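*Asks:* Read off the chains here:
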Amino acid sequence: MSHGKHFTLYSHGTGPNGWKIASFLNELGLSYETIYLDLFGARAGEHKKPEFLKLNPNGRIPVLIDHKNNDLVIWESGAILLYLVDKYDDEKKYFGINDKDKSEVLQWLFFQVSGQGPAFGQAAWFNYYHPDKLPSAVERYKTEIKRILGVLEIVLSKQEWLAAGKFTIADLSFVPWNDASIVRETADFEKDFPATYKWHQKLFQIPGIKAAFAERERVIAV
Amino acid sequence: MSALQPFKLYTWPTPNGKKVTGFLEELKLEYPEIDYEAEKIDISKDIQKEPWFIKLNPNGRIPVLVDANRNDFVVFETAAILLYLQQHYDKKNVFGFDPATEPNDYSEALQWIFFAHGGVGPMQGQANHFNKAAPEKIPYAINRYVNETKRLYGVLEIRLKERDFLAGPGRGKFSIADINVLPWVRAYPYTSIENIDEFPNLKAWVARNEARPGVAKGVA
Numbered sequence: 001m002s003h004g005k006h007f008t009l010y011s012h013g014t015g016p017n018g019w020k021i022a023s024f025l026n027e028l029g030l031s032y033e034t035i036y037l038d039l040f041g042a043r044a045g046e047h048k049k050p051e052f053l054k055l056n057p058n059g060r061i062p063v064l065i066d067h068k069n070n071d072l073v074i075w076e077s078g079a080i081l082l083y084l085v086d087k088y089d090d091e092k093k094y095f096g097i098n099d100k101d102k103s104e105v106l107q108w109l110f111f112q113v114s115g116q117g118p119a120f121g122q123a124a125w126f127n128y129y130h131p132d133k134l135p136s137a138v139e140r141y142k143t144e145i146k147r148i149l150g151v152l153e154i155v156l157s158k159q160e161w162l163a164a165g166k167f168t169i170a171d172l173s174f175v176p177w178n179d180a181s182i183v184r185e186t187a188d189f190e191k192d193f194p195a196t197y198k199w200h201q202k203l204f205q206i207p208g209i210k211a212a213f214a215e216r217e218r219v220i221a222v
Numbered sequence: 001m002s003a004l005q006p007f008k009l010y011t012w013p014t015p016n017g018k019k020v021t022g023f024l025e026e027l028k029l030e031y032p033e034i035d036y037e038a039e040k041i042d043i044s045k046d047i048q049k050e051p052w053f054i055k056l057n058p059n060g061r062i063p064v065l066v067d068a069n070r071n072d073f074v075v076f077e078t079a080a081i082l083l084y085l086q087q088h089y090d091k092k093n094v095f096g097f098d099p100a101t102e103p104n105d106y107s108e109a110l111q112w113i114f115f116a117h118g119g120v121g122p123m124q125g126q127a128n129h130f131n132k133a134a135p136e137k138i139p140y141a142i143n144r145y146v147n148e149t150k151r152l153y154g155v156l157e158i159r160l161k162e163r164d165f166l167a168g169p170g171r172g173k174f175s176i177a178d179i180n181v182l183p184w185v186r187a188y189p190y191t192s193i194e195n196i197d198e199f200p201n202l203k204a205w206v207a208r209n210e211a212r213p214g215v216a217k218g219v220a
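Order-wise, the sequence lines are chains C and A. Numbering follows the UniProt record's numbering, in which position 86 of the first sequence is assigned residue number 86; successive positions increment by one, without gaps. Numbering follows the UniProt record's numbering, in which position 109 of the second sequence is assigned residue number 109; successive positions increment by one, without gaps.
Read the hints as simulated data drawn from the structure, not as lab findings. Certain hints may be false.
[Unchecked claim] Here are a few chain A residues that sit away from chain C, every Cβ distance over 12 Å (derived from the structure):
#1 V94
#2 G154
#3 R159
#4 K173
#5 N195
#6 W205
#7 E210
[Said to hold, decoys possible] In silico EDC-like cross-links for lysine to aspartate or glutamate, where the CA-CA straight-line distance does not exceed 16 Å:
#8 A:K203 - C:E217
#9 A:K217 - C:D132
#10 C:K48 - A:E33
#11 C:K202 - C:E185
#12 A:K40 - C:E217
#13 A:K132 - C:D132
#14 C:K198 - C:E160
#15 C:K49 - A:E194
#16 A:K8 - A:E33
#17 A:K217 - C:D179
#18 C:K49 - A:E33
#19 C:K93 - C:E104
#20 A:K137 - C:D132
#21 A:K217 - C:E104
#22 A:K45 - C:E185
Note that the coordinates shown come from a computational prediction; the quantities given were computed from them, not determined experimentally. Backbone N, C-alpha and C define an ideal beta-carbon position, used for all residues, glycine too.
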């Protein structure tokens, strides 16, 4: 890579997970070059081709390469966030320091990557992309979206942040999927989950997240 | 350089919308006084069927261009929009041909525009409908329209043998004939066509168009 930036980030415009990484790199003030993979045209199916599979055998974005660490390749957004905290957040501004706080950040992060992401993803898949119309599948996953937002609502009604009493990578990780159009098709976010909605809107004002989503607008703009 | 007001483009990121944004981004690079403002019309919510939109385009479809520089003149139908923009705003004929001095190239460009507008768009659109949106799976319909889409790709393949672009002398030049059909062809994965390897000239043409910065920005 000859771009001279600290990292290369493989990402995607409308896909949610790359934006977690862009947001966090922005917050940490680290430089990166983004390569947006495409579903269409000359780059169609790039993520399943041998050159990309060499980087991530799972054939998905995001993938991050650290050029100041022997071109180390990391995939799985949760693992990428933890790597960046480990190596580049010396003061653990975005993580817990004592055992309780560390544990809280991790549990919410794991809930996001295993719960929110896949469930919201399945809802979107069956609602928008699945070749057959399967109302029962759509219903199942939309119900799960509401359940998950309900879990967040219980906690965020009582406290400002998910973990460690401050903004951490746990909060950041939830933003892209909570912003997805499938959520707007499922519930009245503001009315049904007011505390979660307030927290979600507040997260967009955090500079690194704000900048990432401004970039996202530019990338997916008509 | 006269000051131009930005065009208003009511659109959505479909292949048809991207024909126009692709061309506008190319125009912007060539003519810096040109700009446009895209207003997203969410067709999943049928905004384009609302009365105010029907007043602009009775067909109730995107994209629609409104030109403040010509008394808010309204243009709909993508090929008509491309021809309109080329006629009024590509004075150097970078992306088109002069009907008076280059009548054959002009006619050829029109032929390929009509071919795409009447063939590729509607047929691939039907393939997409029966693949993804129809309430029931009808194999006959899916096969009919996917096969016709591939047949049309084959026609483009013939044209692009020993040519870089669809219209123009020799190997051709990038013109509105190309941008008029590129967004449809590049969306072949959505049409459940696995790859276009059997159309090597077409495949190269897609990459060649996407390598242009204006096209890349406008069709992404």
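*Asks:* Hint check: K217 (chain A) vs E104 (chain C), CA-CA at most 16 Å. Holds or violated?
*Replies:* 42 Å, violated
*Asks:* In terms of Cβ atoms, is chain C entirely out of 12 Å range of N195 (chain A)?
*Replies:* The claim is violated: N195 (chain A) sits with its nearest Cβ about 7 Å from chain C, within 12 Å.
*Asks:* Between the alpha carbons of K40 (chain A) and E217 (chain C), is the straight-line distance 16 Å or under?
*Replies:* 12 Å, holds
*Asks:* When you check the alpha-carbon spacing of K48 (chain C) and E33 (chain A), does it fall within 16 Å?
*Replies:* 41 Å, violated
*Asks:* With 12 Å as the threshold, tell me whether E210 (chain A) passes as away from chain C on beta-carbon distances.
*Replies:* Violated, because the least Cβ-Cβ distance between E210 (chain A) and chain C comes to about 5 Å, which does not exceed 12 Å.
*Asks:* Regarding the pair K217 (chain A) and D132 (chain C), is the alpha-carbon distance no greater than 16 Å?
*Replies:* 33 Å, violated
*Asks:* Over 12 Å from every CB of chain C: does W205 (chain A) meet that, or does the non-interface label fail?
*Replies:* 10 Å, violated
*Asks:* Can you confirm whether the C-alpha distance between K49 (chain C) and E194 (chain A) stays at or below 16 Å?
*Replies:* Between K49 (chain C) and E194 (chain A) the Cα gap is close to 13 Å, so the pair holds against 16 Å.
*Asks:* Within 16 Å, alpha carbon to alpha carbon, are K203 (chain A) and E217 (chain C)?
*Replies:* 29 Å, violated
*Asks:* Taken at face value, is the distance from the CA of E33 (chain A) to the CA of K49 (chain C) at most 16 Å?
*Replies:* 41 Å, violated
*Asks:* Would you check the hint for K132 (chain A) and D132 (chain C), treating anything up to 16 Å between C-alpha atoms as holding?
*Replies:* 8 Å, holds
*Asks:* Is it true that the CA of K198 (chain C) sits at most 16 Å from the CA of E160 (chain C)?
*Replies:* 10 Å, holds
Comparing the model with each earlier hint shows violations of hints 5, 6, 7, 8, 9, 10, 11, 17, 18, 21; every other hint is respected.
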